[in-house]
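**Q** Given next are the chains, with one letter for each unit.
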Amino acid sequence: MAKPKIAVFKFSSCAGCQLSILNIEDHLLDVLGAVDVAYFVMAKRENHEGPYDIGFVEGAVTSPKELLELKKIREECKILVAMGACACTGGLPSIKNFAGTQREMEEKVYTELWDLKSIPAYGIDHYVKVDAYLRGCAVDVGEMVELIKSALLGVNPHFRPHSVCNECKLKENVCLLVNKGKPCMGSVTAAGCGALCPSLNRPCEGCRGPANDANAASLAQTFAVDLGLSRDDVRRKFLKYAGNTPEFKKGAEAV
Amino acid sequence: MSDRRIFVDYIARTEGDGAIDIIVGPNGELKKARWEVWEPPRFFEAFLVGRKAEEVPEIVQRICGICPHAHHIAAVRAVERAMGVKVSEQTVLLRELVHYSDWIMSHALHVFCLAAPDFLGYESVIAMAGNSDLLPIVGKALQLKRLGNDMIVVTTGHEIQNRTSVVGGFTAVPEGSELRKLKERLKAAKEFGFETVKLAAKLASQPPYPDLVRKCEHVALHDDKKYAINDGRLVSTEGLNVPDWEYPIWIIEKHVPSCNCKHAIIKDRDSFLVGPLARVNNNFDQLSPDAKAAAREVGFVAPDFNPFMSIVARAIEIVHSIDASMQLINELDDPKFEEPTFEYKAGESYAVTEAARGICCHGGRIDKDGVVQKWDIVAPTARNVYNLEKDFEEFVPKLLHLSDEELTLKCEMMVRNYDPCQSCATHSIKVKIRRER
Chain A
27 MAKPKIAVFK FSSCAGCQLS ILNIEDHLLD VLGAVDVAYF VMAKRENHEG
77 PYDIGFVEGA VTSPKELLEL KKIREECKIL VAMGACACTG GLPSIKNFAG
127 TQREMEEKVY TELWDLKSIP AYGIDHYVKV DAYLRGCAVD VGEMVELIKS
177 ALLGVNPHFR PHSVCNECKL KENVCLLVNK GKPCMGSVTA AGCGALCPSL
227 NRPCEGCRGP ANDANAASLA QTFAVDLGLS RDDVRRKFLK YAGNTPEFKK
277 GAEAV
Chain B
4 MSDRRIFVDY IARTEGDGAI DIIVGPNGEL KKARWEVWEP PRFFEAFLVG
54 RKAEEVPEIV QRICGICPHA HHIAAVRAVE RAMGVKVSEQ TVLLRELVHY
104 SDWIMSHALH VFCLAAPDFL GYESVIAMAG NSDLLPIVGK ALQLKRLGND
154 MIVVTTGHEI QNRTSVVGGF TAVPEGSELR KLKERLKAAK EFGFETVKLA
204 AKLASQPPYP DLVRKCEHVA LHDDKKYAIN DGRLVSTEGL NVPDWEYPIW
254 IIEKHVPSCN CKHAIIKDRD SFLVGPLARV NNNFDQLSPD AKAAAREVGF
304 VAPDFNPFMS IVARAIEIVH SIDASMQLIN ELDDPKFEEP TFEYKAGESY
354 AVTEAARGIC CHGGRIDKDG VVQKWDIVAP TARNVYNLEK DFEEFVPKLL
404 HLSDEELTLK CEMMVRNYDP CQSCATHSIK VKIRRER
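These protein sequences, in sequence, are chains A and B. So for the first sequence, our numbering puts the first residue at 27; every next one is plus one. So for the second sequence, our numbering puts the first residue at 4; every next one is plus one.
Be aware that one or more of the hints could be misleading.
As the list claims (entries may be wrong) - Once the Cα atoms are required to be at most 30 Å apart in a straight line, the calculated DSS-like pairs of lysine-lysine come out as:
no.	chain 1	residue 1	chain 2	residue 2
1	B	Lys186	A	Lys134
2	B	Lys186	A	Lys197
3	A	Lys134	B	Lys55
4	A	Lys208	B	Lys377
5	B	Lys186	A	Lys91
6	A	Lys206	B	Lys339
Rather than coming from a laboratory, the hints here were simulated on the basis of the structure. On a predicted model such as this, the values are computed, not experimentally measured, just so you know.
Model the full assembly from the supplied sequences, consistent with the hints where possible.
**A** What follows is the structure in structure tokens.
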């Protein structure tokens, strides 16, 4: 069997998710032996044209140029993976979608506006079909290795659809929301991180986007009524990493 | 006679999206030399307005996946200064350890994965690993990078974006026993640190690099008591010496057409360089004794104004980071959990850290309810863009005897020397060289 051709692409993002690929040092040489890295600009000078078997896309689409590139990438990749919060849901760049008009955002940062071509920030499935999602900011390295292995074997990766709460309970953590009165998003956020933040005594900020059964409106009510968060504070919680999703939008509009 | 043009429409092995465009006239005169940053603007400074003060460090560390901690710590210190929040000595030490961990990871990544392939004539570290003679070095380099990453995980919970450091302190602190395990690994990594300095010095001593010297102002943080990384005054080889929170007064930015990245100069002066070479040149005496010894052994004498020596400076800082981390682990001993606390207070302030690639500046204004009114971010790459163009002006005319292919590679190397991070700067690289014949 020929080695699968892998490509890594970057749109608006911090490059942290593609860095995660270089961060699997323990497996890196094995993985590199099992695949043909055909396109990975951050790591290689010689990069090759498609088609590719698996394409990893990092970052949100925030310009017309990126949108054109994304459509070409979709045609060139058999399996297209949205890698990280920005590519999955728009991530942090999407905060600008809810902070004012595009022109207002531009005026706050730049003086020569005529040359700027920027559009609201969305995840890549707003524009093209996506075959797999690696959630989180940044991605979980364990999930990434699982996805690469599954793709090599031709099976579906075993990702968990339930909420961070489930993982937190399995770790027997004291609940930050119920017991400590902290505004934790774990009950509405998709699992897979191993309840990383709550296990470190930090409330979940929802970077992995909504879980499959998220009741964001109810959590928003809890934040407002039980914890005394203001309407603006509740909106800031839900319009951070995944404000583009219908589930978190409901949370933002619930109080 | 036509112009000779070198154009690289993206620069590989850097982080983000940029281009080089160089046009040389028939008599070897440079008509255009520009590093263009294509990274799409991400509007952090715009959408931070209206967020809460405690969210700023969480959000801005996501400007860059390679130097998140530099952004995070600069922002957390600026917020704390603005709101009058005091933190414990343990928090200061832990933040230093987090940042040194990032330097070890980032310097190992740059020296071996991004820069060494150029000097050795490989297109990537993946290709380097294909040479059985080089494979052991690549293996050790990956181990060193892994050590940096493991240190970041122990101190902050996650390799890329920290989960524990917040305004006022840490939500969780590492176990002393975990830190001591890291110390053993750091001790074992020292030998490879020395090897790295020797290898870097050998690479940078190949022609034509030793002949490419350009004196310019080198700017870094300086602390009288220790090698500065998270705090200090802004100093330079030309006598700048001001508090870090005054950076907006001394470092002036200007918007340049056709580039998504602003140019920076020192007030009333010109372009300047930031990064490991600027740090080593300004703070050589404060390096760890072994780092100094390693530098002397390869004949490094500060100040050195050859930009290609930055790979050597990075390697020297690997040795220093290993020593500084072991020292910090000794001082931290068994960290105790301290509940991070703060109160909202109106204020305005600024702070600077040393990202692996140079000074990283953050600051702004917060209202009495803790809502951000204004936030300013200047990453190291933005500081270096203008200085790099000056490098092009100086060095390209000296390299015109090379073929277009070789000249293109040398131009890319000039860029990669700065370890640019265009996701910071806003993010990227293409080289265009055109020469008239």
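**Q** Each hint should be assessed against the structure and marked as holding or not.
**A** Hint-by-hint comparison with the structure:
1. Lys186/B - Lys134/A: 46 Å, violated
2. Lys186/B - Lys197/A: 28 Å, holds
3. Lys134/A - Lys55/B: Between lysine 134/A and lysine 55/B the Cα gap is close to 18 Å, so the pair holds against 30 Å.
4. Lys208/A - Lys377/B: Holds: lysine 208/A and lysine 377/B sit about 27 Å apart, inside 30 Å.
5. Lys186/B - Lys91/A: 47 Å, violated
6. Lys206/A - Lys339/B: Given that 30 Å is the threshold and the Cα spacing comes to 20 Å, the pair holds.
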